[in-house]
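Enquirer: Using the sequences plus the hints, can you model the full thing?
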Amino acid sequence: MHLGTKYFLQILQDTVGCCVKCSKFSTSLTIRLHSQTKPQIFFLAKNFKNAYFLPRLQGGIPPWRLFSFQDVLKSEQERWSAYQSNYTKRTKRLKQRLEAYYKKYSYNSNSLVIRFGEYVYFEENYSIYRSRMEEADEEKIEVLLRMEDLPFHDFLIQRIRISPDHRYLGAGIRSVNSEESASIIVKLNTLPVIECIIPNVSSFEWATHDILFYTVQKNLQCHEVYLYDFTKKHSELVYTEQDARYFVDLYCTKDKRFLTINSNSKTTSEVWLVDCHHPFKPSVLVQQRTKGVIYHAEHRNNDLYILTTYGNPLGYKLMKTPIDSCSLENWLSIYTVKEKAKLIELEMFKDHCVMFLKYCNRLYIDNISLVPNSIHSVKLPAWACSLELEPHPENTSSTCYFWLSSPVQPPRRFAYSLAENKLTEQEVPIAVDFHAVHLEAKSKDKVWVPITIFHKANSVELHRKPLLIHVYGAYGTDVNMSFKPENLMLIEDGWILAYCHVRGGGELGLGWHKDGCTTKKHNGIYDLKACLNLLHKLGFSQPMYTVLASLSAGGVLAGALYNNHPHLIRAMVLQSPFLDVLNTMLDPHLPLTIEEQEEWGNPLVDEICKEYIKSYCPYQNIKPQHYPSLFITVSENDQRVPLAGVLRYICKLRRAVKDHAQAKSTNGKGLEEPNIILDVQPGGSHCASSWEDSLNQVAVQLAFLCNELGLDVQK
Numbered sequence: 001m002h003l004g005t006k007y008f009l010q011i012l013q014d015t016v017g018c019c020v021k022c023s024k025f026s027t028s029l030t031i032r033l034h035s036q037t038k039p040q041i042f043f044l045a046k047n048f049k050n051a052y053f054l055p056r057l058q059g060g061i062p063p064w065r066l067f068s069f070q071d072v073l074k075s076e077q078e079r080w081s082a083y084q085s086n087y088t089k090r091t092k093r094l095k096q097r098l099e100a101y102y103k104k105y106s107y108n109s110n111s112l113v114i115r116f117g118e119y120v121y122f123e124e125n126y127s128i129y130r131s132r133m134e135e136a137d138e139e140k141i142e143v144l145l146r147m148e149d150l151p152f153h154d155f156l157i158q159r160i161r162i163s164p165d166h167r168y169l170g171a172g173i174r175s176v177n178s179e180e181s182a183s184i185i186v187k188l189n190t191l192p193v194i195e196c197i198i199p200n201v202s203s204f205e206w207a208t209h210d211i212l213f214y215t216v217q218k219n220l221q222c223h224e225v226y227l228y229d230f231t232k233k234h235s236e237l238v239y240t241e242q243d244a245r246y247f248v249d250l251y252c253t254k255d256k257r258f259l260t261i262n263s264n265s266k267t268t269s270e271v272w273l274v275d276c277h278h279p280f281k282p283s284v285l286v287q288q289r290t291k292g293v294i295y296h297a298e299h300r301n302n303d304l305y306i307l308t309t310y311g312n313p314l315g316y317k318l319m320k321t322p323i324d325s326c327s328l329e330n331w332l333s334i335y336t337v338k339e340k341a342k343l344i345e346l347e348m349f350k351d352h353c354v355m356f357l358k359y360c361n362r363l364y365i366d367n368i369s370l371v372p373n374s375i376h377s378v379k380l381p382a383w384a385c386s387l388e389l390e391p392h393p394e395n396t397s398s399t400c401y402f403w404l405s406s407p408v409q410p411p412r413r414f415a416y417s418l419a420e421n422k423l424t425e426q427e428v429p430i431a432v433d434f435h436a437v438h439l440e441a442k443s444k445d446k447v448w449v450p451i452t453i454f455h456k457a458n459s460v461e462l463h464r465k466p467l468l469i470h471v472y473g474a475y476g477t478d479v480n481m482s483f484k485p486e487n488l489m490l491i492e493d494g495w496i497l498a499y500c501h502v503r504g505g506g507e508l509g510l511g512w513h514k515d516g517c518t519t520k521k522h523n524g525i526y527d528l529k530a531c532l533n534l535l536h537k538l539g540f541s542q543p544m545y546t547v548l549a550s551l552s553a554g555g556v557l558a559g560a561l562y563n564n565h566p567h568l569i570r571a572m573v574l575q576s577p578f579l580d581v582l583n584t585m586l587d588p589h590l591p592l593t594i595e596e597q598e599e600w601g602n603p604l605v606d607e608i609c610k611e612y613i614k615s616y617c618p619y620q621n622i623k624p625q626h627y628p629s630l631f632i633t634v635s636e637n638d639q640r641v642p643l644a645g646v647l648r649y650i651c652k653l654r655r656a657v658k659d660h661a662q663a664k665s666t667n668g669k670g671l672e673e674p675n676i677i678l679d680v681q682p683g684g685s686h687c688a689s690s691w692e693d694s695l696n697q698v699a700v701q702l703a704f705l706c707n708e709l710g711l712d713v714q715k
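The working numbering puts the first residue of the sequence shown at 1, with every later residue one more than the last.
Some hints could be false.
Unchecked claim - Across the chosen pairs, the derived CB separations fall in these ranges: (1) Cys360 <-> Asn533: 32 to 38 angstroms; (2) Pro322 <-> Lys614: 48 to 54 angstroms; (3) Glu692 <-> Asn301: 29 to 35 angstroms; (4) Glu148 <-> Trp448: 30 to 36 angstroms; (5) Tyr83 <-> Asn458: 14 to 20 angstroms; (6) Asp445 <-> Lys338: 18 to 24 angstroms; (7) Met544 <-> Gln84: 43 to 49 angstroms.
No lab work stands behind these hints, which were simulated from the structure alone. Just so it is clear, the structure is predicted and the values come from calculations on it, not from any experiment. Idealized CB from N, CA, C, for every residue including glycine.
Expert: Shown next, in the form of C-alpha cells:
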C-alpha cells in the first residue's frame, strides 16, 4: 500500500514487505470507473522533445549487490526452468480458467477519476482524459496524456492532481517492475503539451495555480520536500527530515486552505502547515513530535481537526483545536474509537466527519455531526470484509460513496446520505454461492484470535476438502480480504479459504498490533498455530490437505510455523517473503533497517532484542527435519526484500532437508524429499507486478498446490 501514505491511516505500513500506497486524497475526487470510453478526435501533441527534466537528485534506487550468490541464483534459475515443465499443462489450464474469471469481473478494476470544477478527469487504458461535466458525448472527450507516446515502458498512472485553475495536470507514474517513479506535468493549452518531468517523485500537491510541492524518494525513503515555481522554472528545497525512521508525504486539506507536510514513523508523527494563500511563507508546526503519538490534521472554519493516538484509552481519537493555538495542550477530544475497534477510513465533509470502522467482524459507520455535535451509527452488510472509499469532490457534498467486498464477493457500490443517515446500494449484486463462518481460536496466553472462513454453500465432508490459510500479522496491517477472482474459482472447486487475524496485524485496533511486534512477535506465531489446530479440530480439512500462503512480512510468521509445526500443513506458498529478519536488522546500510526498528526492535544495540529475533527468525531456525513442500516467488531486484536473504534461506533449507533425508535413510535409501522451489522473476517489483505477470504467477502457484495435494484441474 497500494504511492505515498494514505492520509489519516497509512503510516508506512510494511516498508520491508509491502509497497507504499498512493494517497487518494486530493483537491478533487478519486473513484472507480466502469466505462469503456474510446475518444476519437483529440490526440496528444507529441511535444515531448521540448519538455525539460528537473535534475535527477542523487540517491534514487541503486541496484543491490548479490555478493557471492550469483552462482546460487543461476543454479536456482536452472533448477526452476527444468522443474516447471512438470506444471506446464496444469498451469495452462488454470491460466485459461483464471482469464475467464478475470474477464467476467474486470469491470470492477480500479481507475482514477477526478471531478474538479466543471471538468471530469479520468484515467483509462494508460491514458488520461478530460470532459466537461455536462458533456457525456465521447466525441467531446480530450486526450491529455498517453503513456504510449512517452519513453516510459511498463509504467502505470498512480496519481492525478489538477492545478486550481485547470492550467496544469500532474500525473504520478510508477514502474510495475521496480521502485522507480516520476511526475509528468502537462500544460493544458489548446493542445496539451508536456511541460516537464520530475524523476523520483513519491507524492505531490498543488498549492496555487503554478506552485507545486513534491517529495523526492531516495533509496526507498522520502525525507525531502521541494517547491517548484512554474512561472520562474525554479525548484527549491523547503523541508528536510533528518531522522531515518521517518517518511515524508504531502496532503492538501479538503477545503484547499492548507497543504500539510506529514512526517511519519511507525509510531510517531509530525505535521507542518503550508498556507496555500502564501506558499512561500515558512511552514508552521502543528505539534512537535512526541514519542508514541501519531496525529494528522484536517482544516475546517479556522479549526484543525486532529486524528490522533494521544491520550487514553489506547486507540484513535478525533480532537479539535483553533488554528492559531494548535499545540497539544489545546486539543479538545470530540470522539473516541471504541476499544478493539479498527479504524479503516476517515472522510471529512463541511459539517460531518465520517468514520469507517470494524468491530467484532462487522463493518459500520459512525457519522459525527459537527454542527450540532452528535453521532449516528449504521451497520454495513454482514458479508462485507473490505472497504474502499471514493473521496468526494468537494467538502460540501451531502453523500459519501464507497465500495464493499469480501474475498469471494465482487465489489458493490454504496451511497451513504449524511443528513438522513441512510445507506443505499448503488450496484446490482452478483450472486455468489458461498458460506461464511466466523470463529475464534484460543491462543497460548488465552487470547481469542478471530478467523474468517469461506466455503461453497452446499459443500459436504469438509474434512476432506483442501484448505488455503492466509496470514499476515505485521505493521498493524490486516490480512488482505479484498476480492480476487481466483478465490471464486477455488470456492467453486471445493476449496476452503481461511483468514487468520493474528496479533501483529491491525484487525482489533492499535493494541492488536502492539501485542504482536518487537518483543511480542511470538504471540502472532502462537495465534497462527491455534488457528490451524482449531480449524482441523472442527473438521475444516486436515493437515494433509492444508496449505499456507503469505507475502512479504507475513513470511515471518509463516516461516516460523514452517519451522516449528511442519506437521500442520502439506505445503506453503510465499510471495516476496521476509525470511532473514536478524541479518537484515543487523545491516544498517540497507535502506529500511533503521525505519524498521519500531516493528522488529534494534538488535544493533540491544543483545536481548537480538536473541529474541533469533528465536523466531525463519532463517535462523531451519533444522534437519521433515518439511512440507515450499514454493517461493521473488523479484530479482526487489529493493524491500533483497534476493540475497532469500537465497541464503533456500540454500540452508536445502541442506537441512538433505541432512534429514540421509539421517533417516534405511538400507542406503533416503527419504523422499519435499519440493523446494524458488521462482525468481526479472525486475524489481515487490508484490506488485503487471496484470499479465500476476496472472501467470497465480496460475503457477495454484498448479504447484494442486500437484502437491493431488487435485485435478481438468475443468
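Enquirer: Against this structure, judge whether each hint is valid.
Expert: How the hints compare with the structure:
At about 23 angstroms, the beta-carbon gap between Cys360 and Asn533 misses the expected band of 32 to 38 angstroms. For the hinted restraint 48 to 54 angstroms between Pro322 and Lys614, the CB-CB distance of approximately 51 angstroms keeps it satisfied. A beta carbon spacing of about 49 angstroms between Glu692 and Asn301 contradicts the range 29 to 35 angstroms that was offered as a hint. Restraint check, Glu148 to Trp448: a C-beta distance of roughly 53 angstroms breaks the suggested window 30 to 36 angstroms.
Take Tyr83 and Asn458: their Cβ atoms lie about 37 angstroms apart, and the range 14 to 20 angstroms is violated. Range check, Asp445 to Lys338: about 23 angstroms between beta-carbon atoms, so the 18 to 24 angstroms window is met. At roughly 25 angstroms, the beta carbons of Met544 and Gln84 sit outside the given window of 43 to 49 angstroms.
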